Amino acid sequence: MIIFIISGFWHGANWTFIAWGFLNAIYFLPLLLSQNNRRYIDVVAKGKLFPSLKELLSMLITFSLTVFAWIFFRSESIEHAYLYLTGIFDSSIISPPEIDVTLQYVSTVFFIFILLIAEWSNRDSQFALDFQGRIKVNSAFLRNIIYITLIFSIFVFGGGQQDFIYFQF
Numbered sequence: 003m004i005i006f007i008i009s010g011f012w013h014g015a016n017w018t019f020i021a022w023g024f025l026n027a028i029y030f031l032p033l034l035l036s037q038n039n040r041r042y043i044d045v046v047a048k049g050k051l052f053p054s055l056k057e058l059l060s061m062l063i064t065f066s067l068t069v070f071a072w073i074f075f076r077s078e079s080i081e082h083a084y085l086y087l088t089g090i091f092d093s094s095i096i097s098p099p100e101i102d103v104t105l106q107y108v109s110t111v112f113f114i115f116i117l118l119i120a121e122w123s124n125r126d127s128q129f130a131l132d133f134q135g136r137i138k139v140n141s142a143f144l145r146n147i148i149y150i151t152l153i154f155s156i157f158v159f160g161g162g163q164q165d166f167i168y169f170q171f
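Taking the numbering used here, the leading residue of the sequence shown gets 3, the next gets one more, and so forth.
Derived from the structure by calculation, the hints contain no laboratory data. Here the structure is a predicted model, which means the values were calculated and not measured. Every residue, glycine too, gets a C-beta built ideally from N, C-alpha and C. Be aware that one or more of the hints could be misleading.
With beta-carbon atoms standing in for the labels, derived distance ranges [as the list claims (entries may be wrong)]:
| no. | residue 1 | residue 2 | range |
| --- | --- | --- | --- |
| 1 | Phe112 | Trp72 | 23 to 31 angstroms |
| 2 | Leu117 | Gly14 | 27 to 35 angstroms |
| 3 | Trp72 | Arg41 | 37 to 45 angstroms |
| 4 | Ile156 | Pro32 | 33 to 41 angstroms |
| 5 | Phe159 | Pro32 | 18 to 26 angstroms |
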């Protein structure tokens with residue numbers, strides 16, 4: 003608990019960083035108290051093409067909790083985080099979203115899909131794009147497709163110039 007809260011202090015003198023550290027401590031606490039913190043250190047779905055339902059749910063829950071904590075990390079104040087969260091959990095969450103199916107939308111989904119395949123297929127490697135000895139059939143072709151996808155997505159979706167996040171501290 004202390005380490006996570008100190009991590010919050012280290013990121014800045016703002017209550018949002020303390021909340022971020024506290025949330026991460028709360029997330030980790032059940033594993034620590036049940037002495038299961040070293041139980042899940044291996045690769046997810048090792049040796050299998052697809053994860054089990056339990057593994058998939060664990061990944062989704064971990065991702066969701068991490069993104070939830072990032073709301074506090076990136077907010078200017080606790081009030082700003084609260085307003086953001088009330089917007090997310092507004093009653094409109096029940097209504098279906100309006101999706102503008104444009105070329106940018108379709109290509110974004112396509113790029114995400116390609117990169118998820120690359121990441122998943124090499125999840126037991128140190129690097130997601132490390133294809134040495136992994137994919138035997140057309141590995142050079144697949145690797146080049148992924149590299150082109152990365153380069154294209156950087157140019158198309160890279161956005162404007164942003165300061166490195168730690169420059170604000």
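Structure-based check of each hint:
1. Phe112 x Trp72: 23 to 31 angstroms: Because 25 angstroms falls inside the window, the suggested range holds.
2. Leu117 x Gly14: 27 to 35 angstroms: 30 angstroms, holds
3. Trp72 x Arg41: 37 to 45 angstroms: 25 angstroms, violated
4. Ile156 x Pro32: 33 to 41 angstroms: Cβ of isoleucine 156 to Cβ of proline 32: about 38 angstroms, so the range 33 to 41 angstroms holds.
5. Phe159 x Pro32: 18 to 26 angstroms: 37 angstroms, violated
Taken one by one, the earlier hints fail for this structure at numbers 3 and 5, listed in ascending order.
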